[in-house]
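Model the placement of chains B, C and D with the ligands on the given structure of chain A, informed by the hints.
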Amino acid sequence: MDAGSNGETLRLIAPDGEPVGDVDALGLGEDELRELLRLMVLARRLDEECLALQRQGELTVYPPFRGQEAAQVGSASALGPEDFVFPSFRELAAALVRGVDPVAYLEYHRGTWHGGPYDPLAARFAPICVPVATQLPHAVGWALGAKLDRREACALAYFGEGSASEGDFHEACNLAGVWRLPVVFVCQNNGWAISVPAELQTAGEIWRRAEGYGFPGVRVDGNDVLAVHAATRAAVARARSGGGPTLIEAMTYRLGPHSTADDPSRYRDPAEVERFAALDPIERYRAFLLRTGAADEAFVELCAKEAEERVAEIRAAVVALPPPSPEELFRPTFARPPAALERQRAELLEGSDG
Amino acid sequence: MDAGSNGETLRLIAPDGEPVGDVDALGLGEDELRELLRLMVLARRLDEECLALQRQGELTVYPPFRGQEAAQVGSASALGPEDFVFPSFRELAAALVRGVDPVAYLEYHRGTWHGGPYDPLAARFAPICVPVATQLPHAVGWALGAKLDRREACALAYFGEGSASEGDFHEACNLAGVWRLPVVFVCQNNGWAISVPAELQTAGEIWRRAEGYGFPGVRVDGNDVLAVHAATRAAVARARSGGGPTLIEAMTYRLGPHSTADDPSRYRDPAEVERFAALDPIERYRAFLLRTGAADEAFVELCAKEAEERVAEIRAAVVALPPPSPEELFRPTFARPPAALERQRAELLEGSDG
Amino acid sequence: MAERTMVAALNAALRDALAADPRTLVFGEDVGRLGGVFRVTAGLQEGFGPERVFDTPIAEAGIVGAAVGLCLAGWRPVVELQFDGFSYPALDQVISHVAKYRYRTRGRVELPLVIRIPVGGGIKGKEHHGESPETYYVHTAGLKVVVPSTPSDAYLLLRAAIDDPDPVVFLEPKSRYWAKEDAELTTEGPGIGVARVVREGDDCTLVSYGAMVHRCLEAADLLAGEGTSCRVLDLRSLVPLDLEALADAARWTGRVVVVHEAPRTLGMGAEIAARVMEVAFDHLEAPVLRVTAPDTPYPPAALEDRWLPSVERIAAAARRAVGYG
Amino acid sequence: MAERTMVAALNAALRDALAADPRTLVFGEDVGRLGGVFRVTAGLQEGFGPERVFDTPIAEAGIVGAAVGLCLAGWRPVVELQFDGFSYPALDQVISHVAKYRYRTRGRVELPLVIRIPVGGGIKGKEHHGESPETYYVHTAGLKVVVPSTPSDAYLLLRAAIDDPDPVVFLEPKSRYWAKEDAELTTEGPGIGVARVVREGDDCTLVSYGAMVHRCLEAADLLAGEGTSCRVLDLRSLVPLDLEALADAARWTGRVVVVHEAPRTLGMGAEIAARVMEVAFDHLEAPVLRVTAPDTPYPPAALEDRWLPSVERIAAAARRAVGYG
Ligand SMILES: Cc1ncc(C[n+]2csc(CCOP(=O)(O)OP(=O)(O)O)c2C)c(N)n1
Ligand SMILES: Cc1ncc(C[n+]2csc(CCOP(=O)(O)OP(=O)(O)O)c2C)c(N)n1
Ligand SMILES: [Mg+2]
Ligand SMILES: [Mg+2]
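Chains as they are written, first to last, in my numbering: chain A, 68 to 421; chain B, 68 to 421; chain C, 39 to 363; chain D, 39 to 363.
What the hints contain is simulated information worked out from the structure, not anything from laboratory work. Do not rely on the hints blindly, as some may be mistaken.
Per label pair, the in silico range of CB-to-CB distance [unchecked claim]: (1) 377/A - 89/D: 47 to 53 Å; (2) 75/A - 99/B: 44 to 50 Å; (3) 342/A - 59/D: 40 to 46 Å; (4) 218/A - 85/B: 53 to 59 Å; (5) 89/D - 389/B: 43 to 49 Å; (6) 413/B - 320/D: 19 to 25 Å; (7) 264/D - 59/C: 57 to 63 Å; (8) 259/C - 123/B: 31 to 37 Å; (9) 320/D - 232/C: 32 to 38 Å; (10) 259/C - 406/A: 31 to 37 Å; (11) 119/A - 188/B: 55 to 61 Å; (12) 98/A - 310/B: 52 to 58 Å.
Computed from a prediction, not measured in an experiment: that's the story for all the values here. For each residue, glycine too, the CB sits at the ideal point set by N, CA and C.
Just chain A, same shape as in the assembly:
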C-alpha cells in the first residue's frame, strides 16, 4: 500500500490481469469485486451512448472518459455515503458510482441545464465544474465545514493533470495541508490536456507536490481499479480519522478526443493511443476476475446485458427531457430577487417592454 509514496507506482493487477499485490489485504468480498466490473462496464456503455447521442444531435459537446473508468470507479467506490465529491467535467463514471441520476446529469450535456442539474446536496456530488481547478477550494471549504462539525466524512476532489497547473490547485492544497483537512485530491493524469501533453504541462511529478504542502502523495496505476480503490480507501480512512489530506495521482490515459469538438489527429500519434488501448482498464479487470475465479463468463455477460438495458432507459429518458421553461432564465438567480429583476422578467417574458 505504501508503494505509491516512495515514488513507485502502486499496482495490484498487472495489465494481463495477473494479481501482483496483496489483493486480499483489501478485504473486498467477491460481490464487491464484481460490483466494480459492473460499474465500469455500465460507465463505458453509457459513455459510448453519449457519443452516439451527440452525433445524433441529442447532446451538445460531450467529453468522453473512455480509458479512465478504473480511475473514477476505483476512487468513487471507496467513499461512504457521508463523503462529498467535487468533480471536474469528465466524471460521469464517478457520478454513476455515487448514484447521481444519469438522466439529470445529462441535462448538462443536453444543454437544458448548467453544471448542477441534479441535487448536489442530496447526491453529495457537487456541480460539474468546467473552470478547471476552481472546484478544489470548494472541496477544502466543505472539508473544513465537516471538520468543524466533527463529522467523520471527507471530500474527494477530481482534477486533471492539466488543471494542476492552475493557482487554485496550489491554494487548495496548501489550505488543506495547513488546516489538516479531510480531503482526498484525485488527479487523473490522462496524459493530455486538450492538445497539450503532460510533459509540456509540468517538469515535475504531480503526486510529489504533496510533500511541499506537508501531506502524503501517492502515484497509482490509474488503469488498475483495485490499486486506485486501495489508495483511495487508505486516503479516505486517514482523512476521516483526522490525519489530513492525501494527493493521489492516478496514471491513466484519455483514449478518446478531449471532447466531441476535438480532433486529436491534429496533435497526437495514433500509435500512442493504440499502445494505451492495449492497457484497457476494463479488460484488465475482467481478466483478473476470471483468472481469480471471483467472476465467471456468465457474470461478464450479465454486466453487458444489464448495461445495455440501463443505458437504453437512460437514452430514452434523455431524449425525452423537456426543455427548461423561460421562467428559468430568472427564477434561480436569487433567493430574494431585486425588484428591478422582476421588471426585467416581465419585460422579457411577457413582452411588457412596449
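Coordinates of chains B, C and D with the ligands only, in the frame set by chain A:
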C-alpha cells in the same frame, strides 16, 4: 554547497562568526567580503532613517527590513549587471546593492510616486510590487524573453513565505520549471506575514516545493550572508547556463513590525524577537570578518561613518523631493491617450468643466 | 444614541451575528489574532474561539472558494479580503462561482456568504490600497452589493447581508472607518435595496454612496449658502438599486449629479445616468452629470486629493446642472 | 475582395504580424500544435517555429503575468485566453499590472501586449463559454478594448492592436467566427478609437459592437420595411470610445438604442447612455434605450435565444424610441 537541497540548512558562518563551511571555495577576495558588510551596514542605517522619516511625517507607511539584510545583500550581490530583479515591497536593501537610486526609490514611500519611481529597465530592478506573488510570473516572462534572446542572464524574484501561499507563486514556478527558464526564486522566510506566523501559512517547507516543479530547492540560513550568497551564486550560474530555475528559501526573521502601521505586540511574543535579535546577521558577519582577519576595526568604523554620510545625503534629498505635478495624474497612463481622456484632463486640471 | 466609529459598528455587527447564529464564521488574512489590519474583527477570536474566527494563509481565491464549500456544508461564512486591490485574485471564484452557484444548481444550493472588502481612497495609501472595485461586482449578475456610509448603516446593512440568503459583497469605505458619528446599532430600519434621502432639497439631487455621501453633504451645505437646495440620496445598496428613490428624486428635482470615487467609464454613475433617463426622461431638465475620478489609475498619495471628487467639483457640477439650458 | 471568415482574417493578421516584427510572440493554451480550439492560430507554429508560437500550461494568471515580463525584456506578446469564462483567473494580473504598469513607472515601461479572448454566446456552448466580459476591461483604466464585427475589421484592428504601444484587450465575437463575408486584409483604414456607421439612417441610431452589429442590421432591415430608417453604428473599440460618432448620431437621429449581449447593469449600454446624454442632451427626443441580456447568469443552451437580444427585441425598442413622447 549542496547541503541545502538535502534538507539541511546551508550555513557557512555560525551565529558567533565562526566559519563552519568552505568559505574559501567561494573564491571571494577580501575586498568583496568587506563589500558585503559595507552594504549591510548602509542598508540598516537607511532602514533606521526611513523609520525616523516616517515618524517625522516625511514618509507614508514604511515596511522595515531589519534582520533581513543578509538575505537581501547576500542574494542581490550574486547577480551580474545583465540580470534582472523582481522585488516584492520590502527589498530596499537589494535595491541598494543593485545600484537603484535610493532617493528615487523612496519616492514610493514618500507617496510622491507609485512602485516604479526609478527607471526599472535601466536599473534592471522591476517596480516595487505590493500585490504579493504577482511579480513572480513577471520574472518568468522576463526569463523566457532572455532565453529566447539567447542571453546569459537570469531573473531573480523575491517573495515572502506568506506570499508563497498565493496561486501566482505556483503558476510561476511551474512555468519556469517546464520551460527550464533562468529564474532564481528567493523566498525570504522571515517567520511572519503581518500577524500570521509561518506555521499557520503552510504545513510544508517551501524549498521542498521545488521538486514538484522539477527543479532544485535549497534552504539556507538567511542570516548568513555568505551562505545566501553562495546558494544564489550557484543558482545564478545554473540558470545562466541553461540549467533552469532554483528555489532558495532563506530562513530569516522580521525583527521589526510588518510596517510602521503595525503593532506586533498584538500578536507576537517579545521573547521570540529577542531570541532572533541575538542572531543578528550584521553582527555575525562583522565577527566573521574580524575573526578571519578579512577586515579590522577601522574598516568597521569606516562602514558606519560612510553609511552615516550617505544616509544624511539621502535624507536631505528625500525631504526635498518635489511633489508630482498634477499633469502626472494623466500623462503616464497611455502612450497614445484616448481623446476622451484629454478632455477629462482639461476638465480636471484646467477647470474647464464649468 | 452614542458616538461610534464605523469600525466599532462593524465589529459589533460581526459580534452580534456570531452570537446570533452558531453557523456564522469569520475568516480572512489577519482577522484572527490581530483582529484585522483595520481592527474590524478585534476581539472576535477571543470571544468566539479560533474555530469560528480564524486567520488564513494569503490566498484570496482559496479563501473565497473555501467559503463556497463551507456554504455547501451548511455554514454562513463572512470573509474579509484585506484591501480593495487584493480582492482581484478572488474575482474568478466570485464571477464563476459565487455569483452563479444558485443559478447553476437551479436554486437548490444557496450561498449565504458575505465578502467584506475595505475600499476606496483618501487615506494617503500606497497603490493598490485605494481602489473602488464596485463595478466588477455590480455588473456580475447574481451578487448583491452593499456600501454603507455611516456607522448605523454599517451595522444594519452588515447584519442584513449576513442574514441574506444570497451572496453579498459588502464594501466598506475605509476613509470613513474612524469618523465618529451618532449611531444606533439596530437591525430595524430600511434594509438592502432601499436608498435613503439624507438631505432634502428641491433644485438638484446629488446621488452617491459610501464615503462620497459626506462630500455631497458638504457640497449641499455650500450650495445652500448660494441659495441652491440639494437633495442628497445615499444609495446604500448598488444591487439591488432603489429605482423608486432615484425616480422620485429625478422627477422632483429634474437635475441629478452622481458622485463616486471610481473612474468615470462604467463607474456606477453610468448606470445611474442610464436608469434616471429611463425612468424620468421627461422630468430631466439637464443631463445627469457625473463627478468621478478620471479614467486613470489611482494616483500616488500626493495627488489623491486632485483625483478624488472634491466638494468644489461636486458643487460646480450641481451649479452646471441647475444652470443648464 | 474575397470571402473570408473572421477566423481566417485573424489568422492572417497574426501571421502578418509575426512576419512583420520578429519580436512578436503568440502563446496560450492549445495555440501551438493544435492551432487553437477555434483554429485562429492554425499553422502559425509550423510557420514561425515553437519559440515564436507556443503552448502554455493551463495557468491564465501565469500567461498574462509572463506576458508582462516579456514586455520588460523587449518582446511584443499576443496571448490567447481560451474562452471568455476562462479569462477571469487573469483579472488580477490585468487590473493590477497590465493596466497600471505604464502609469506606475511614470511612463518608462510600456506594455505593448495584446490579450485575445473569444467572447459571447449564441453558439449553444456550455456555461462559462458564453460570457461577455467587456465591462471588466472597459472600466479598468489603462487598457484599450477592441471588438471587431467583421473579418476586415478583425484583421485591421488586430494588426493595429499589436502595433499599439498600449495594452489592448481584443475581444473576438465567437458567434461570428465562421461567417463568411467579403473581406479585405489591409492595415489601411480607420483604426482603434474610430466607430463606423455601417448603415445610414435618420430616425433612430442602433449602437452596438461585435456580434450584435449584425442583429442590429437585421433589425434595421425589418424597420425599413415599416418606414423607419435606422442608422447602425459599430463602435469597434470600447476604449477609446468614439464620442464624435456617438454625438453625431444622437444629434442627427435624436433617438438611440444600444444593443449588447452582456447583462444590462453596467453593461456598455450604461456608458453609452450616459455619454449620449452628456454630449447630446438637447437633441434627444427619447431616452436612450438598452436592449441587452437581463441581469442573470448566461443561461443553458436551450434558453440562450431568449436571453440574447433578438432582432425582434431590437426592433421593438427602436419602435418605442421612435414613437416616444
Ligand atoms: C480556467 C480554465 N481554463 C481553460 C479551460 C479550457 N479547458 C477545458 S478542459 C481543458 C484541459 C484540461 O486538462 P486536464 O486538467 O488534464 O483534464 P482532462 O481534459 O484531461 O480531463 C482546458 C484547457 C477551462 N475549462 N478552465
Ligand atoms: C494579493 C495580496 N493580498 C494581501 C496583501 C496584504 N499584505 C501585504 S504584505 C502581507 C504579508 C506578506 O507576507 P510575506 O509574504 O511573508 O512577506 P513579509 O511581509 O514577511 O515580507 C499581506 C497579507 C497583499 N499585499 N497582496
Ligand atoms: Mg488530462
Ligand atoms: Mg514573511
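Going down the list of hints, with the structure as the test:
1. 377/A - 89/D: 47 to 53 Å: 52 Å, holds
2. 75/A - 99/B: 44 to 50 Å: Holds, at about 47 Å.
3. 342/A - 59/D: 40 to 46 Å: 42 Å, holds
4. 218/A - 85/B: 53 to 59 Å: Roughly 54 Å apart at Cβ, these two residues keep to the hinted range, so it holds.
5. 89/D - 389/B: 43 to 49 Å: 45 Å, holds
6. 413/B - 320/D: 19 to 25 Å: Holds: the Cβ-Cβ distance is about 22 Å, inside 19 to 25 Å.
7. 264/D - 59/C: 57 to 63 Å: Check passed, 58 Å falls within 57 to 63 Å.
8. 259/C - 123/B: 31 to 37 Å: 35 Å, holds
9. 320/D - 232/C: 32 to 38 Å: About 34 Å separates the Cβ atoms of residue 320/D and residue 232/C, which means 32 to 38 Å holds.
10. 259/C - 406/A: 31 to 37 Å: 33 Å, holds
11. 119/A - 188/B: 55 to 61 Å: 59 Å Cβ-Cβ, so the 55 to 61 Å window holds.
12. 98/A - 310/B: 52 to 58 Å: Given range 52 to 58 Å: holds, Cβ gap about 55 Å.
In summary, the structure agrees with every hint in the numbered list given earlier.
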